[in-house]
Each structure stands twice: as C-alpha cells, then as structure tokens.
Amino acid sequence: MPCSIPFKTHFQSSSLTFASFHPSLLCKMISTTTLSPPPTHLPSLPQTPPLSLIKTCKSMAQLKQIHSQTIRTGLISNPIVRAQIIAFCCKHELGDMEYARMVFDTMPEPNHFVWNNMIKGYSRVGCPNSAVSMYCEMLERGVMPDEYTYPFLLKRFTRDMAVKCGRELHDHIVKLGFSSNVFVQNALIHLYSLSGEVSVARGVFDRSSKSDVVTWNVMISGYNRSKQFDESMKLFDEMERMRVLPSSITLVSVLSACSKLKDLNVGKRVHRYVKDLKIEPVRVLENALIDMYAACGEMDTALGIFDNMKSRDVISWTAIVTGFTNLGQVDLARKYFDKMPERDFVSWTAMIDGYLQVNQFKEVLTLFREMQAANIKPDEFTMVSILTACAHLGALELGEWIKAYIDKNKIKIDSFVGNALIDMYFNCGNVEKAIRIFNAMPHRDKISWTAVIFGLAINGYGEEALDMFSQMLKASITPDEVTYIGVLCACTHCGMVDKGKKFFARMTTQHGIEPNVAHYGCMVDLLGRAGHLKEAHEVIKNMPVKPNSIVWGSLLGACRVHKDEEMAEMAAQQILELEPENGAVYVLLCNIYAACNRWEKLHEVRKLMMDRGIKKTPGCSLIEMNGSVHEFVAGDQVHPQSKESYSKLDEMSVDLKFAGYSPDTSEVFLDIGEEEKESAVYRHSEKLAIAFGLISSGPGVTIRIVKNLRMCVDCHYVAKLVSKVYNREVIVRDRTRFHHFRHGSCTCKDYW
DNA sequence: TTAGGGTTAG
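The first sequence begins at 955 in our numbering and counts up by one.
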C-alpha cells in the first residue's frame, strides 16, 4: 500500500512516497487484538498522586490499576496523566504497545511528547515499520516533528528501510532545520551506514562539530559495518589527534576492527588505553579484548582475561572457542564448547565451522544434529557450514534437506547461502539444481558466477561453462584468478586446446591477472589430456613460478593415459623430491609400469615404497543413503550391510559378464596371480558402494559416490556397464573430477 | 515530562 508522507505544510509539491511501508501493520495490530480494558473493581491504591505512582510502577498490571484509578477519580482527563501512561508503555521493559495505542486513541490532540514516545515505543519493540506509520500519521494530522522525533524513529531501522527512505527523511530533517542537532546528526550517520552509503554518512560526519564522542562512535561502527576496518582505524587515530577522549564503546568498536585486521599492535594500544585511562573493564569491553587477542592467535592473553572476568557471557565463551578453531585446535575448542554454561546459535555455528575448517565433515554433521536436538535454531551462517560439509561429503540428500529447511523457515538466501547451495549441488553432481539456484538468485556476485563456471567444468559441461563465462562478462562482472581456473578447467574437459591457450593469454592482456601456479597446472592438464606431453613439459620448464606437485601430478596423470613411461618417471621423480611421502605418486607410477608391462621397474618402485615405509592409501568411497553417509573401504567388511553388499556384487558380476564384462587388471601392480588380481579389483570400495546403492534404493534412483582416490580403469568400466545394465545413473566424484555414467558411457570421455 | 553509540560465527 503506497503511503505518501503527508508533509503538507512544508512540502506542498513533494512527491515523497513511502511505497515500501505497510502502515497497515499498525492498523492490523490494533484491529485484531482484543484489548483488555483497565480493571474496574480493584482494592484502592494508597492516596499517592498518580504521576508519582507511574514513576515507580513496575509492571503493566500495576499500570492498569493506576489507569483504572485515574478513570474512577476523573484524573484521566488530565492529558499529562495519559501521556505518562503512554510513556510507561513505550519506555518500560515490560511496556505494552497495544495498550499504549489504546490510550493514545483516546487523546484528541496528542502533543509532541506523546507522538515521540509512541514512535520510540514501536522502535523499542522492534517494529520500525509501525514507528514510520506513526510518523506518517503525525504528519497527516499536521503535527510537525521535533529534534527528538528522528533519533527515536531511526533507532531500529532495517537496512531495507534505510535504503528506501533514508534520503527522504534526511530531506525532512534539513527542511525542518534540525540538521545541526548532534543527536539528529548521529542518527543520520547511523542511517546512512545502515543503507550501505558510508560515504554519505562520512559527509554528515565531516559537517558535524565532531565534539561528541558518540558521533565518532557511530561513524566508526558504520565503517565496521561496511567492513572498512582500515577507515575505522584511521578515525581512531584522528580522534586521538583531535583529543576526543574515546569511550569504552569506541574501544569496543576499534577492537573489533583490530580483530578483523588481525592488528595486534593497535589492539595492544587499546588495551593500554583501558588500563591507563582506568576505563572500567565492562564485560563487553573484555569480550572485545578476548576476541582481538584470540583473532591474533594470542590465546594465552585471551585466556588470561577470560579467567579473570567477574562474569562471563555466551560471547566471552564463544570468543575463546573461535580463537582455538582459528588455530585449528579443534579439540581445545571443543573442550571449552562442552564447558559452556549456555550456548546460542552463534556458539554452535562457531564450533561446527571449526570442524569444517579442519575437514572433519562427519563431525560437522554430528554436531549439527546435536544442535537440532538441543532445539537451537540455525541461521544462514550455520546453513553455509552444513552445506559446505555436504558438498565435501557429496551428501545430496542432507543438502536437499537443508534447502527445504531454508525454504520452510524462510532463512534468507543471501549470496553466501546461494553460493554454498550452488557449490553443494555441483559437488553432489546435481548440475540442474545448481543452475536453478543460480538463476533464482537476485544478486549474483563474482563468486556465484565462478562457482557455476567451475561447477559446470568439473561436471564435464565445458561448453556450457564457457557460455556462462561470456554471460558473466556481458553482465560486467570482472573475473578473477579463480574464475580463470574454472575457464581453463572447462577447456580441458572439452579438449579445447586452442581456446584454452587463448583464454590463458587473455587472462593477462584483458584482465591484468598474472597466472599463478594453479593456472599453469591447468595448462599442463589441458595439453597433457590432448596428448601434447612435450608441450606440457615445456610449459612447466618455462613457467616463472616454481612448479608444485600438482603441476607435476597433471603431467604424470597425462603420462598414464598416453602411456609415456619415460616422462612419467621424470615427473614422478620431481614430485617425490617435493613430497617424498606422497604415496599416490608411487602408486600412479606403479600403475603406469603395470600398464606398460614393465615389471622390473615396478618391482623397484615397490621395493622403494617398502624401504621408505610408504603405504598405499586405502581406497574409500562414501555413499549417502536415506540421509546417512555410509563409508566403504576397499576389501573391508566393517559396514553392517557388507554381507548383503558382497552378495549383490556377486550377482552384479554375473549380470555384467553377460553384458560383455571381463575384469581389467592392467593397473594392479601387486605381484600376484591373475585370479588374485581380479579378486583385488573386485573388492574396490566404489564397487562395494555401488552394490550397496543398488540394494538400498529403488529402480531409477541415481547412485552418488565420493571416492578419495582416482577411480581405477576396472571400476570405471563396471560403472559404465551398471549404468546400462541396471538403467541407473551413477555419479562418482573422484579425487580430481566427476564421472557421470549414463547409458553405458561417462562424461569424462574416458580421460581422468 | 523525551535523546544517541558497542562485542561473537560465513
């Protein structure tokens, strides 16, 4: 419902509209609520004048008694009495705004004091829309606001409201001549920093007298809000130069900025300030100090303050938990988390995020379940952590559940949540849903575009990824180095060597991005896949940065596919110089020797592995069924349904042999007979997971598996046949890419 | 008869 500000007296020609507001909220509140009238038969109160009684009043029940007495005695006709009753409802912690409105409606001509109190009351109870409605009503009835009105009105504004009507209200303030009032100025700085127009806020700040510490505080917190922590610091310095004494609130904001910037020096300076100026170490300030020291990794100092606090709240505890999680000391963090007397959604999310940071994804999900059992409502921060864990585990069902939860609970899908959803869907191999989320996002940032490009690329949709890239450029979003990884990855997946080279060059010439080691790795992958092994090697030799094991690993992978044992040896040697303990390299080299029938060489590497005590990482596959993640390790029988899975595997083996399957043991490098080799590949973890998937789900249900190592040729072959024989889509995410098996073929086009 | 500012997790 459009609501024009009826500012008739001063704005005859004004076109001001408050289209965004719903003053009906207020009307609704009043019309649908049954108001309890003041009680009529009550024991008589002591004969104290009602105004003094209201001042000492403790509850709404008491207020209603006083109200009723004033009605009986006729004192209610005094407008000051009604104003005080309203003021109590608007200001008191237990004040009731519905009651205030009821009394308000009995006043034929409420004065400024009453209007201001009503506005303040609605702001206090978190109904800024109703406060605006009240403001509109005030103007409509020809009462001009005064300098008290605006600080009350703006106090609880939301970002949206600030964006939509900040400028208009500023206009009113200027025209009414209140712009030099320091309280109004402070409210305006707050308003603009809320709407994200921090430079306009700064303009108001610069025009102010700057003699009031609150003005500085509002500006500093405004910079913090818009994450311009450097500016907060500069302002703090300027304050010192201008000899404005900081208050404890200034110090809290500055400490918050120090924490974000990890600026221990200024943080310590603030701490000295607290000590030298003998500022009372209130809890909020101590919390801010703990957070600053924790963020800078100084846990001993943080704990020193924590231990000496008179009283701690949930923020003090959470700051300690976060301090440890940031250092990766998740067990210590958990120790404090478990000791917390109370935990809120932030503390739970902090601990969950701690597990995420150290890649303990299962613990992430376990803790999330505990959080739910404790009846703590997660918010969008929690959702991001859980979705990220789902993405790593390939847990699509849980990810979908989170999506449904977000929808049901109307959790805001901001760009963080949107991007996490996109990542989750892509990492679980559900390209369609990832794109659906992307298309529905109102604000797509660089990260959203990059997530889509990269997601499409790793899922084998190279052409589509490049199409997205050109759409991104058309939308005037500047790509960064991560976007280009996605672009190059897309070229690799489609074997578009020339295009890839062109993009690689354009990255620098058009967007000024210097390629880093990851980009060179992509180029090696691109050339290697196409069989240009020498050229790939040339890229490594000429790259200006030191190649890492991933770059050499790409070349080694290409050598496996194109069976170039000589270059493979060289690449493997390079990797082992960098990472002598890298078991996967020995294994890959053995695979290559086995595939080339170079048994002597293979024995040498095997002996080297034994001598150096290097063990082959056991293959492990995760499969999610009915909301739980199941783990299968090659050859193990730990899973409760492993017996059934093995029986299914036997059955599969017969079915697949009818379809022409014979085991491919070319990559088995164990010195064993052919039969044993077959038995070894037979028990690979992804086969067990596929068998489990087949017995645990109905016909036509997609089987999604996440594997910790590269898929072997035999498993790849089996997955292709399963997709055909059982008419099932099988999606396997291995160490480096996705394999979507459909109707007997794979999107990786047999290169991985 | 009425005012303002702050801390924790992506």
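Wrong hints could be hidden among the right ones.
As the list claims (entries may be wrong) - Only pairs whose alpha carbons sit at most 20 Å apart, straight line, appear in this in silico EDC-like list of lysine to aspartate or glutamate: (1) Lys1387 with Asp1434; (2) Lys1366 with Asp1333; (3) Lys1555 with Glu1520; (4) Lys1216 with Asp1254; (5) Lys1109 with Asp1166; (6) Lys1012 with Asp1059; (7) Lys1400 with Asp1368; (8) Lys1555 with Asp1590; (9) Lys1387 with Asp1399; (10) Lys1495 with Glu1533; (11) Lys1517 with Asp1368; (12) Lys1456 with Glu1492; (13) Lys1611 with Glu1632; (14) Lys1400 with Asp1452; (15) Lys1129 with Asp1114; (16) Lys1453 with Asp1399; (17) Lys1214 with Asp1191; (18) Lys1216 with Glu1252; (19) Lys1517 with Asp1399.
Said to hold, decoys possible - Now the in silico label distances, taken between C-beta atoms and shown as ranges: (20) Ala1459 with Asn1502: 16 to 24 Å; (21) Thr1690 with Ala1459: 47 to 55 Å; (22) Asn1329 with Ile1025: 38 to 46 Å; (23) Ile1025 with Leu1048: 20 to 28 Å; (24) Lys1364 with Pro1235: 38 to 46 Å; (25) Gly1589 with Lys1703: 52 to 60 Å; (26) Ser1601 with Gly1466: 24 to 32 Å; (27) Arg1223 with Asp1298: 26 to 34 Å; (28) Trp1355 with Lys1456: 21 to 29 Å; (29) Val1515 with Arg1460: 25 to 33 Å; (30) Lys1428 with Asp1368: 23 to 31 Å.
Calculated directly from the structure, the hints in this document are not laboratory data.
Here a beta-carbon is modelled for each residue, glycine too, at the ideal position from N, C-alpha and C.
Results for each hint:
1. Lys1387 with Asp1434: Given pair Lys1387, Asp1434 is violated - Cα atoms ~25 Å apart, limit 20 Å.
2. Lys1366 with Asp1333: 8 Å, holds
3. Lys1555 with Glu1520: 11 Å, holds
4. Lys1216 with Asp1254: 16 Å, holds
5. Lys1109 with Asp1166: Holds - the C-alpha atoms of Asp1166 and Lys1109 are around 18 Å apart, at most 20 Å.
6. Lys1012 with Asp1059: 24 Å, violated
7. Lys1400 with Asp1368: At roughly 14 Å apart (the allowed maximum being 20 Å), Asp1368 and Lys1400 satisfy the hint.
8. Lys1555 with Asp1590: 30 Å, violated
9. Lys1387 with Asp1399: 18 Å, holds
10. Lys1495 with Glu1533: Holds. Lys1495 to Glu1533 sits at ~19 Å (cutoff 20 Å).
11. Lys1517 with Asp1368: Given that 20 Å is the threshold and the Cα spacing comes to 48 Å, the pair is violated.
12. Lys1456 with Glu1492: 17 Å, holds
13. Lys1611 with Glu1632: With Cα atoms ~13 Å apart, Lys1611 and Glu1632 stay inside 20 Å; holds.
14. Lys1400 with Asp1452: Not satisfied, since the Cα-Cα distance of roughly 26 Å exceeds 20 Å.
15. Lys1129 with Asp1114: 24 Å, violated
16. Lys1453 with Asp1399: 25 Å, violated
17. Lys1214 with Asp1191: 17 Å, holds
18. Lys1216 with Glu1252: Distance of about 11 Å is within 20 Å: holds.
19. Lys1517 with Asp1399: 42 Å, violated
20. Ala1459 with Asn1502: 16 to 24 Å: 22 Å, holds
21. Thr1690 with Ala1459: 47 to 55 Å: Given a distance of about 25 Å, which is not inside 47 to 55 Å, the answer is violated.
22. Asn1329 with Ile1025: 38 to 46 Å: For Ile1025 against Asn1329, whose Cβ atoms are near 44 Å apart, the range 38 to 46 Å holds.
23. Ile1025 with Leu1048: 20 to 28 Å: Since Ile1025 and Leu1048 have Cβ atoms about 21 Å apart, the given range 20 to 28 Å holds.
24. Lys1364 with Pro1235: 38 to 46 Å: Given about 40 Å between the Cβ atoms, the range holds.
25. Gly1589 with Lys1703: 52 to 60 Å: At 30 Å between Cβs, range violated.
26. Ser1601 with Gly1466: 24 to 32 Å: 60 Å, violated
27. Arg1223 with Asp1298: 26 to 34 Å: 31 Å, holds
28. Trp1355 with Lys1456: 21 to 29 Å: The hinted range 21 to 29 Å is violated for Trp1355 and Lys1456, with Cβ atoms some 43 Å apart.
29. Val1515 with Arg1460: 25 to 33 Å: 28 Å, holds
30. Lys1428 with Asp1368: 23 to 31 Å: Check passed, 24 Å falls within 23 to 31 Å.
Of the hints listed earlier, those the structure fails to meet are numbers 1, 6, 8, 11, 14, 15, 16, 19, 21, 25, 26, 28, in rising order.
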